[in-house]
Structure formats: structure tokens, C-alpha cells
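Enquirer: Let the sequences and hints guide you as you build the complete structure.
Residue numbers (the working numbering), protein chains in the order written: chain A, 1 to 218; chain B, 219 to 473.
Hints were generated in silico from the structure; no laboratory data involved. Here a beta-carbon is modelled for each residue, glycine too, at the ideal position from N, C-alpha and C. Heads up, a few of these hints could be off.
Pairs of lysine-lysine, DSSO-like flavour, derived with a Cα cap of 27 Å [to be verified]:
1) B:Lys407 to B:Lys250
2) B:Lys315 to B:Lys270
3) A:Lys57 to A:Lys85
4) B:Lys451 to A:Lys213
5) B:Lys407 to B:Lys462
6) B:Lys462 to A:Lys213
7) A:Lys213 to A:Lys165
8) A:Lys85 to B:Lys462
9) A:Lys8 to B:Lys462
10) B:Lys451 to A:Lys85
Selected chain B positions facing chain A (Cβ under 7 Å, derived; list incomplete) [to be verified]:
11) Gln429
12) Pro459
13) Glu465
14) Arg471
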Amino acid sequence: MRNSFDHKLIQLNNDLIRMGGMIEEAIASAITALRENDAELARKVVKNDRFVDDEEKNIESQCLSIILREQPVARDLRKVSAALKMVTDMERIADNAADIAEISIIADVSALMHILNEIKTMSEKVITMVSHAVDSFVNTDMQLANDTIKADDEVDELFISIRNKIVQLIKDEACSGDVAVDALMIVKYLERIADHAVNICEWVEFFETGEYKNTQII
Amino acid sequence: MSENESIKISTKNVNLYYGENHALKDINLDIKTNKITAFIGPSGCGKSTFLKSLNRMNDLIPGCRITGQFLLDGEDIYVPGVDTNLLRRRIGMVFQKPNPFPMSIYDNIAYGPRVHGIKGKAKLDRIVEESLIGAAVFDEVKDRLHKSALSLSGGQQQRICIARAIAVQPEVILMDEPTSALDPVSTLKIEELMNTLKEKYTVAIVTHNMQQATRISDYTAFFLVGEMVEYAKTEELFSRPQDKRTEDYITGRFG
Ligand SMILES: Nc1ncnc2c1ncn2[C@@H]1O[C@H](COP(=O)(O)OP(=O)(O)OP(=O)(O)O)[C@@H](O)[C@H]1O
Ligand SMILES: [Mg+2]
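Expert: In C-alpha cells, the structure reads:
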């Protein structure tokens with residue numbers, strides 16, 4: 001009895017890892033598409049979002065099936081409910097990556113060369129956060145989850161710094177209003193992705209303790 | 219545990235021996251008034267032994283020795299001079315297998331009150347009806363009160379036994395796997411019934427059905443080889459047990 005249940009939990013972990021890989025790649029490709037003005041790559045990111053949605057449904061359906069068939073308690077219950085909540089954040093991350101890709105198709109950001117480098121740095125930090133968030137869940141690594149939550153501060157700082165530079169560009173009339181707004185939206189999406197990664201880490205904490213954002217919810 | 223809940227039965231350092239067999243080890247447990255407390259644990263861990271000791275049903279077993287205290291409303295029920303008949307009227311019991319007496323439904327229910335000296339048809343009629351209503355079986359049997367209780371289905375028989383238990387107006391009802399011999403519908407009826415019973419009585423139930431414990435009980439105690447490993451609010455025990463042994467047992471990782 002427990003054998004088949006354990007097998008289902010391993011399957012769940014594996015699918016979360018696969019979905020994690022998909023969303024990391026989506027963010028990376030969106031940023032590459034932006035920097036290299038690669039509309040084809042950008043369209044691919046937008047198109048692939050569908051597969052992430054499918055993966056989300058697949059994981060949700062596995063979780064519901066476990067609840068129905070195994071009636072999990074204790075750690076098992078916390079694991080399945082945390083997975084059910086965190087796939088929503090993972091799916092939103094992919095949406096935000098697709099949003100960035102869409103902007104990259106219409107935006108001409110060649111005027112923003114030095115900002116693009118900072119966006120790349122920011123995106124690398126964000127991708128690491130996403131990757132660590134999912135890893136911390138599948139490996140039940142609270143330390144990694146906590147470190148990832150802390151890393152969000154760096155992303156927030158980068159956001160402010162890039163935002164200020166964009167404001168300066170507008171003041172200096174060094175770029176068009178359109179470009180400035182597009183660039184701002186892209187960094188805002190990156191900043192949101194980091195927030196979703198933090199949410200995932202908070203579900204890791206729930207899995208370990210039953211506490212979500214310092215409130216005992218079960 | 220919780221603040222405003224009063225304690226109906228409190229056990230202090232209870233040890234029970236069947237001859238050489240140390241069947242209960244230092245049990246300290248407070249059963250809360252008007253709550254349902256579930257006892258869970260693997261076969262042979264002492265759940266029934268503990269339940270039975272709460273109304274001194276082990277007294278007659280040769281070689282059975284008990285130390286420690288059982289306080290009912292603060293009074294020790296094992297001190298000399300305690301009237302065990304009166305005690306069992308205050309603390310009733312329902313068993314795993316429905317065991318109605320081989321007599322009419324009416325007489326099954328009226329039996330206890332009669333033993334305790336209640337006479338008069340009108341009075342008994344009222345007790346029988348109220349008890350059957352209380353046990354959620356009245357509508358099903360009201361037209362055949364004078365038929366044998368043994369002619370009823372298992373689920374109905376079990377509710378007759380519950381009616382029999384509440385007919386003497388107990389304060390506590392002990393149930394040892396009361397639904398293990400019943401189908402899901404009868405089980406559900408008894409579970410719903412327990413929810414209403416706890417408004418009037420304090421209920422303690424032994425169950426092997428983990429989902430049942432989760433559904434109906436307010437508190438759960440986990441027993442393992444004579445030890446009470448963990449006792450907590452049911453939601454807590456089933457969502458974040460503190461002891462690894464509890465976790466292993468309820469998640470089926472046991473052994
Ligand atoms: N009348 C008795 N005489 C001697 N030993 C007994 C007696 N009743 C129970 N025992 C022993 O006491 C221990 C606890 O038994 P108990 O019936 O309380 O277990 P339980 O938890 O209710 O198990 P189950 O889930 O199988 O009903 C067991 O080792 C059992 O063999
Ligand atoms: Mg038993």
C-alpha cells in the first residue's frame with residue numbers, strides 16, 4: 001500500500017522538477033530573445049507556455065488523485081497540498097516569461113544597451129531563485145528555501161536601480177517613452193517572478209512546519 | 219492543551235498488568251467534557267484495555283492489576299467503596315459487535331432504567347422513545363417496538379445498543395470500534411449520531427479507521443505497545459504529529 005503511495009510521491013517530485021526546468025528555460029529564452037532581438041525565439045517562448053499549463057494541470061490532477069485515493073495525513077498531506085499551491089506560482093512564472101517574450105517582439109530595445117546587461121544580471125539571479133525554490137521543495141531543503149527568500153532583496157535592489165536608470169533615460173530624452181515603458185515592464189515582470197519564487201519557498205516552509213507566512217494554517 | 223475545556227476523566231500514571239504482561243504504561247490523559255476522544259494504535263497496543271479500565275470492566279479479569287488514578291470529575295473511581303454499578307451507569311459502553319439482549323426493542327432500552335428502579339409505563343415509554351430518538355433509530359423501529367431487537371439490521375442493532383446506553387442518562391459513553399462491523403451507510407449514521415451525542419455526553423471511541431478518527435473526533439490519542447505516545451487535537455495529530463512513531467503509524471509507514 002505504502003509502496004504505491006511512495007511511487008506516486010516520487011512521480012510528483014519528478015514532474016515538479018520537469019516543470020521547474022521548463023519555466024527556467026522560458027525565462028532564459030525570453031531574456032535571450034530580448035537581447036538578441038530574436039523574434040522567433042520569443043514566439044517559441046509564448047507558444048511553449050501552453051505546455052507549462054498542461055504540466056500544471058497534470059500535477060494538479062496527480063495531487064487531487066492522491067488526496068482522493070490515499071487520503072494523505074501528516075507530512076504526506078502537507079506535501080501534496082504544498083505542491084498543489086506551488087504549481088500555481090510556477091505557472092504564473094511561465095506567464096510572466098511569456099509576457100517578457102511578447103514585449104521583446106514589439107519593443108526595439110537597441111537604445112538600451114547598458115540597461116540590457118543589467119537586465120541580464122537580474123534575470124540570472126531570478127532564474128537561480130526559481131531553480132533553488134523548486135529544488136528546496138523536492139529535496140525538502142529549508143536552508144536553501146530561506147536563502148532563496150533572502151535573495152529576493154537583491155532582486156528588489158536591482159529592480160530599483162534599473163528603474164532609476166530608466167527614469168534617468170526619460171529625463172535625458174535618451175529613449176522614447178514606448179521603449180522606456182517596455183523596459184520597465186520587463187524588469188517588473190522579472191521582479192514578480194522572484195516574488196513567485198519566494199512564494200514557492202514559503203510553501204516549502206509550510207511543508208516542513210504547517211506554517212505559511214508565520215501563521216499555522218494546519 | 220486548550221483553555222476553557224473542562225476535564226471529565228483524568229488518568230494519572232496508570233499502569234495495568236495482565237499477570238506479567240504490562241499492558242498499560244504510565245498513562246496520563248485528560249478526557250475533555252463534551253468532546254469526542256479517539257484512541258488509535260495497532261492491534262494489541264492496549265486501546266480496549268484502557269477504554270475498559272475507564273469504567274472498571276477489567277476488575278473481574280483474574281490476574282489483572284492496576285495502579286495509578288482514574289479521576290471522574292476529580293473523584294477516584296478505583297478507591298474502595300465505589301459502587302461499580304452506579305459507575306457503569308455514569309460511564310456507559312458500546313461494543314464492537316452489536317449485542318442487543320434477546321428481547322424486544324422496547325425491553326432492551328427499558329432494561330437499564332428498570333434495573334435502576336424506574337417504574338411506570340408512561341415514564342418508561344418516554345425514556346424508550348427519547349433514547350431511540352437520541353440514537354437516531356426511532357423512525358426506523360417505532361412501528362415494531364415489541365419485536366425482537368435481533369430482527370434488526372446490524373446498523374440498527376448498534377444504534378439500539380447506543381439507545382440502551384443513553385437510556386440510563388450516562389455522563390460518558392465509551393465505544394470500542396462501534397462501526398467496524400457495519401456498512402458505510404450505517405457507519406455514517408453512527409458517526410453523525412456521535413456528533414449530536416457529544417452535545418450531551420463525553421464520548422471516547424476506539425477505532426482502527428483513521429479516516430473515522432479524523433472525521434469525528436476532537437482529540438486523538440495514539441497508543442503503541444501499552445504506551446500513550448501522543449495525545450493532541452485531532453487536526454494537529456493528523457496534520458503535524460510531533461512524534462516520529464505517530465507519523466509512521468498514521469502514514470502507513472509502520473514497521
Ligand atoms: N483479558 C485479558 N487477559 C490477558 N491479557 C489480555 C486480556 N485482554 C487483553 N490482553 C492483552 O493486553 C494487551 C492489550 O490488548 P487490548 O485488547 O487492549 O489491545 P487493543 O489495542 O484493543 O487491540 P485491538 O486493536 O486488536 O482490539 C494485549 O497484549 C493483549 O493480549
Ligand atoms: Mg481492542
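Enquirer: Are the Cα positions of Lys213 of chain A and Lys165 of chain A separated by 27 Å at most?
Expert: violated (33 Å)
Enquirer: Does Lys451 of chain B pair with Lys213 of chain A here, judged by a C-alpha cut-off of 27 Å?
Expert: Roughly 22 Å between the alpha carbons, so the hint for Lys451 of chain B and Lys213 of chain A holds.
Enquirer: Taking only the CA atoms, is the gap from Lys57 of chain A to Lys85 of chain A under or equal to 27 Å?
Expert: Holds. Lys57 of chain A to Lys85 of chain A sits at ~12 Å (cutoff 27 Å).
Enquirer: Does the structure keep Lys462 of chain B and Lys213 of chain A at a Cα separation of 27 Å or less?
Expert: holds (25 Å)
Enquirer: May I ask you to test the interface hint for Pro459 of chain B with respect to chain A, counting a Cβ-Cβ separation under 7 Å as satisfied?
Expert: Nearest chain A Cβ about 5 Å off; hint holds.
Enquirer: Have a go at the Glu465 of chain B hint: is there a Cβ in chain A nearer than 7 Å to its own Cβ?
Expert: holds (5 Å)
Enquirer: Would you mind confirming whether the straight-line C-alpha gap from Lys8 of chain A to Lys462 of chain B stays at or under 27 Å?
Expert: Satisfied, since the Cα-Cα distance of roughly 22 Å is no more than 27 Å.
Enquirer: Regarding the pair Lys407 of chain B and Lys250 of chain B, is the alpha-carbon distance no greater than 27 Å?
Expert: holds (23 Å)
Enquirer: Can we keep the Arg471 of chain B interface hint, with Cβ of chain A closer than 7 Å?
Expert: Interface hint status for Arg471 of chain B: holds (6 Å vs cutoff 7 Å).
Enquirer: Any CB of chain A closer than 7 Å to the CB of Gln429 of chain B?
Expert: holds (6 Å)
Enquirer: Would you mind confirming whether the straight-line C-alpha gap from Lys315 of chain B to Lys270 of chain B stays at or under 27 Å?
Expert: holds (15 Å)
Enquirer: Hinted pair, alpha-carbon criterion (27 Å max): Lys407 of chain B, Lys462 of chain B. Please report holds or violated.
Expert: violated (34 Å)
In this structure, the earlier hints numbered 5 and 7 are contradicted, and the remaining ones agree with it.
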